[in-house]
Amino acid sequence: MLLRHTPKEITPRAALTINPAKTCQPIGAIYASLGIHKCLPHSHGAQGCCAYHRSALTRHYKEPIMASTSSFTEGSSVFGGQANLLQALNNIFTIYNPDIVAIHTTCLSETIGDDVPQIISKAYEEGKIPKDKVVISTSTPSYVGSHITGFSNMVKSMAMQLGGGSSCKKDQINIIPGWVEPADMREIKRLCREMGLNTIMFPDTSGVVDSPQTGKFNMYPQGGVRLDEMQRIGDSEATIALGKFTSQAAAEALDAKYKVPCEILDLPIGLRATDRFINTLRPHSRLKVPESINYERGRLVDMITDMQQYLAGKRVALFGDPDQLISLSEFLVDLDMRPVYVITGTRGKKFLRHMQEILGEAVPEAKVQHAKDAFLLHQWIKNEPVDLLIGNSYGKYIARDEDIPFVRYGFPITDRVGHTYFPSVGYQGGSQLLERILGVLLDRQDRDAPEEGFELVM
Amino acid sequence: MGTILKERKQQVFRKGEDAFAMACERNSAAGSISQRACVFCGSRVVLYPIADALHVVHGPIGCAAYTWDIRGALSSGPELHRMSFSTDLQERDVIYGGEKKLYHALCELIDMHSPKAAFAYATCITGIIGDDIDAVCRQVEAVKNIPVLAVHSEGFNGTKRDGYRAACEAIFKIVGTKTPPEVNKYSINILGDFNIAGETWIIRDYYKKMGVKVVATITGDGRIADIQQAHTASLNVVQCSGSMLHLAKLMEAKYNIPFIRVSYIGIEDTSEALLEVARFFKDEAMIQRTLCLAAEATHKTMSLVKKYRPGLAGKRAAVYVGGAFKAFSLIKALRMLGMEVVVVGSQTGQADDYKRLRSMCDEGTVILDDSNPVELAAFSLEKKVDIFIGGVKERPLAYKLGIAFCDHNHERKNALAGYEGMENFIKEVYASIMSPVWKLFR
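First to last, the protein sequences are chains B and Y. In terms of the numbering used here, the first sequence opens at residue 124 and continues consecutively. In terms of the numbering used here, the second sequence opens at residue 811 and continues consecutively.
Extracted from the complex, chain B is given alone in its bound form:
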């Protein structure tokens, strides 16, 4: 389909992105804000941004996604958006009655120079924000970074503006889960519980963007980190931040402000990253690692052992977000697969360094790029094919054109379900992921097998 529009020959492109492997900051801020209980994300800008973000999140989560907008007009673009934001806050608390409003900016409000914290102060002074209600904000210019940056910025603002502490340490740890699915957040909490830990997770979108069908529409579903929990994060023994790109900024800011020491880990996707996660939890727990978790690990290793012959040497192309790609690549190496092409649209030299550590010796032929797009990935594949493609739903064009087995992973996934319900983190998540990888590889082998080689037992 798109095949004929993607030339095999790679020519330098100086000025454009084709088929992006990223999107803009504000949507990340919205997703993070949804992980706060009774929070309404608010977009300070023109109407379209908010409509697009809501639509994109709706397609991925198949849930009603709520966010309000300052509805900039030409006038506000000339005279500034203060009047719009003040009116918006008034309207929001009158009609939608959230506990918290989390404002993010857009390229428009950033460029005209609106000072959002100052406008919020004014709103407090003018009594536009009812008592007991909280308004926080973060800066998310769309022309800097990517959706990952926007997520990270909002998580940091959340920690700084909602966070609190009493200087009296409590038997609890903070978990910053990174941009993962609600099922992943639920799984991370479960693992912590099994380890006997008290945790505060923020943001926490489980129970918000995967709410059950009850026949009732709750504008603010049950999930999300609560304000009273946030007000205790400064008292935690430690912060465990998962994913450098999405969680490090918040964790370090918490350390600086409340002296909560932090450990920055990779997302616990795959065997070794989960090992590191569990090992990091261990000193905070009075329990030994429970047998149940050891068994989960054992079952994943068992599955890898049983199916190694179908995995060995398979060439894999991946695109998506840096934190995910780092852990996924490590997992693939453990599976004896070869992640030969890895592309993220998000900029970050530390991504390249980290990938070099993972792939340098194991897959010396690997090509890894940051701030690049799915078009380049497609061109690489055309020049030397792969056995498996892993990426968001936009990968389906490449998979179809090049006839490659395809595992959907990342954001957005617009054409399948499951990503929000089944975790890919932890040992159990690793098993799920491996099952999906094997599923598409073996389906392909079956499809292509000559009749005499079509095997019942694999």
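FYI, nobody ran anything at the bench for these hints, they're computed from the structure. Check before you lean on any hint, since a few could be wrong.
Here are the computed lysine to aspartate or glutamate pairs in the EDC-like style, where the Cα-Cα straight-line distance is at most 20 Å [unchecked claim]:
1. K185(B) <-> D879(Y)
2. K185(B) <-> E1221(Y)
3. K505(B) <-> E889(Y)
4. K519(B) <-> E1221(Y)
5. K472(B) <-> E901(Y)
6. K519(B) <-> E889(Y)
7. K185(B) <-> D1217(Y)
8. K131(B) <-> E889(Y)
9. K816(Y) <-> E249(B)
10. K131(B) <-> D921(Y)
Quick caveat: nothing in here was measured; it's all calculated off a predicted structure.
Once you have looked at the hints, place chain Y on chain B.
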């Protein structure tokens, strides 16, 4: 917690109970969770189906990313429109200007893809920093010898309707730039159908059977060369009046081409549309052919209506669409199924549209302009709605309320236009209302 914002009191009415004066065509109240989009969105959705053109979004990555192939506008040939091209503006571009980047992006892409024309879309940011995209387009046009068209779709500069207008103006620049070897007297342009799920093909086929030549489909399955010759058609047949009426008016003024407004949603409106075109040509044989076509197709579709009507009769529908014109047809189509429309609204309807809506509705029907999820949920529950007809953001809302749903927007998966479309519509509505899932949680 109330349901309706103070500022919105004049945008929500109930037929029969209020003095009716819809305060439409105004900016959304700040803070509202509006279902509306922006100017850029309007231009993008209208131009996007032109499949052999390059569509370059001049802005930060989001504007291109969120509009990458999200609208199922099918092409029978090239599919360049399904790719996403962006100048991906960075901070330094915002400071120093993005004109050079746009110039190079257009040149590189034209070299790579040899499109028949290129559209360069302005976004909020390029409007604010003052990039002169017209000048850039002229420069590229001079070097590359294809039409390069600036689309003035700065997001904040109005509503989606203004985006339609900007798109029409961009298209209008190339109309009349090519003349075909022969001109057919019995010829039309199809305006305002976007070939979602192949609907333009269905409509085109009717005209073919009637003996009417379609010069250009604007923009469903659109091609630049056809649009360039569109001025040779005798009539513009405009659907979805919100998006393409402006182009029809421009063409009427410059090329003296009359236009008619039609809808292909539902049996009645489809028949009426085809007959109106046939009557325009004052050709008795064509009128007869059309009457036959309509009678035959109506007969076939009516047998399906009769089959499903007993199950659907008395069911209550909510309709929330982009432009109000579609709502008229949907009310008629649902009535034919014995159903009642109890909530109806649009994102960007105009005063006349709402007057007409009111005259079509039953007493007590709630009529909404620029609504939001809280209102839609509240009225759907109050009116005991059985099915919601809307777009992407309304679907999960309806489902969460335990209400059936039919997408009549970009994400429709079955063609809903014409007689075949009505058949699909009936089956889709029926399947969703009758789904056993609604009994699983009550």
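Hints versus structure:
1. Between K185(B) and D879(Y) the alpha-carbon distance is near 18 Å, which keeps this suggested pair within the 20 Å criterion.
2. For the given pair, K185(B) sits about 13 Å from E1221(Y) by alpha-carbon distance, which is consistent with the 20 Å threshold.
3. With a CA separation close to 19 Å, the supplied pair K505(B) and E889(Y) stays within the 20 Å bound.
4. Of the supplied pair hints, the one linking K519(B) and E1221(Y) holds, its CA atoms being roughly 18 Å apart against a limit of 20 Å.
5. At most 20 Å may separate the alpha-carbon atoms for a hinted pair to count; K472(B) and E901(Y) meet this at roughly 18 Å.
6. Taking the CA atoms of K519(B) and E889(Y), the gap is near 15 Å; set against the 20 Å cutoff, the hint holds.
7. Between the alpha carbons of K185(B) and D1217(Y) the distance comes to roughly 14 Å, so the proposed pair stays at or under 20 Å and holds.
8. Between K131(B) and E889(Y), the direct Cα distance comes to roughly 17 Å. Compliance with the 20 Å bound is thereby established for this hinted pair.
9. With a CA separation close to 19 Å, the supplied pair K816(Y) and E249(B) stays within the 20 Å bound.
10. The suggested pairing of K131(B) with D921(Y) holds, with an alpha-carbon distance near 14 Å, which does not exceed 20 Å.
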